[in-house]
Amino acid sequence: MLFPKTDVNRVEWLNLVFENRNQSYGAYILRRDSGNYLLKALLFTFCLFGTGILLSFVFSPKQGNFVPGVAPLERPMVLDDIPIIPIQEEQTTQPKGEEASPKTVEDVQQVNFAGNAKPVEDNLVTAEVPTAAQIAQSLIGADDVKGTLATSGENGIANSGSDGAGAGTGLGSEDAPVGTAFLEMMPEFPGGMAAWSNFLTKNLRYPAAAAEAGISGRVLVSFVVERNGEISNLKVVRGIGGGCDEEAMRVIKKSPFWKPGIQNGRAVRVSYIMPVVFRMQ
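Counting in full-length UniProt numbering, the sequence shown runs from 1 upward without gaps.
Read the hints as simulated data drawn from the structure, not as lab findings.
Values in this document were obtained by computation on a predicted structure and should not be read as measured data.
It is possible that part of the hints are untrue.
Claimed, not checked - Within a straight-line C-alpha distance of at most 30 Å, the following computed DSBU-like cross-link-like pairs (lysine-lysine) qualify:
1) K235 - K202
2) K202 - K254
3) K259 - K202
4) K253 - K202
5) K235 - K254
6) K253 - K235
7) K259 - K235
Whole structure, please, built from the sequences with the hints as guidance.
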């Protein structure tokens, strides 16, 4: 199209093109004032042309001083007979086998790539946290066994263990986590397991590397609720990579102090394995 309807020098277009760029001088000013410059140039051209015409009339010789006429000849001119030489027309010869062929211009089909492009919607990524019921089932099991043992279920995984032997009191070493079979009161997040779910939902962020690589799954993090309610000994039991393991540990590590577990009237250490699910939607 020779004359597009869109004026690229409009202020709206200029503000869009020169957004976040210099607008004090340079190309922005030239484009903005191009109409004024063009009008001034046309006026200057018309004035210059009119001045030239006016000066031509002013400095031209006056008609009254010029007398048209034919100067008389002193003697007549005699034209002798001059032989006429015929002029031969030059004939251009074209080599045989070569015929003039008209040059043709092939039409080139224009393809609008911008029209074929389809926008792609970004995948929504969320970090799924276990419900209060699932977290409640992440406590250590009822069996008290020696050493550290991980027991798993559908909604959560927990481990338990102690250094004591036999089924006696189950106390063992004071520094070892105590099994839930002898706990009088379970450890509890301030506000209950519903508050713990809200805490995870508020603080978890889906890692960008995992979102770009399409990584999703469940991260299992083990930790110990100390006697004073502090979270310690964080370890990734099973990870999925992409920064999800570090994100799960970061959020659990910033947890406020829990209410410690009680056994025989005193606070004891209790071990957890908490599942954190990262799922792309």
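- Item | 30 Å Cα cutoff - pair K235, K254 | 14 Å, holds
- Between K259 and K202, does the CA-CA distance stay at or below 30 Å? 21 Å, holds
- Message: Check the hint pairing K253 with K235 against an upper bound of 30 Å on the C-alpha distance.
- Response: Roughly 10 Å separates the two Cα atoms, so the pair holds.
- For the pair supplied as a hint, K259 and K235, confirm whether the alpha-carbon distance does not exceed 30 Å. The hint holds at about 21 Å.
- Message: So if I understand the rule, the pair passes when the alpha-carbon distance is 30 Å or less; does K253 with K202 pass?
- Response: 14 Å, holds
- Quick one, are K235 and K202 close enough, alpha carbons at most 30 Å? Status holds; Cα separation ~22 Å.
- Query: Taken at face value, is the distance from the CA of K254 to the CA of K202 at most 30 Å?
  - Reply: 12 Å, holds
Checked against the numbered hints listed earlier, the structure breaks none of them; every hint is satisfied.
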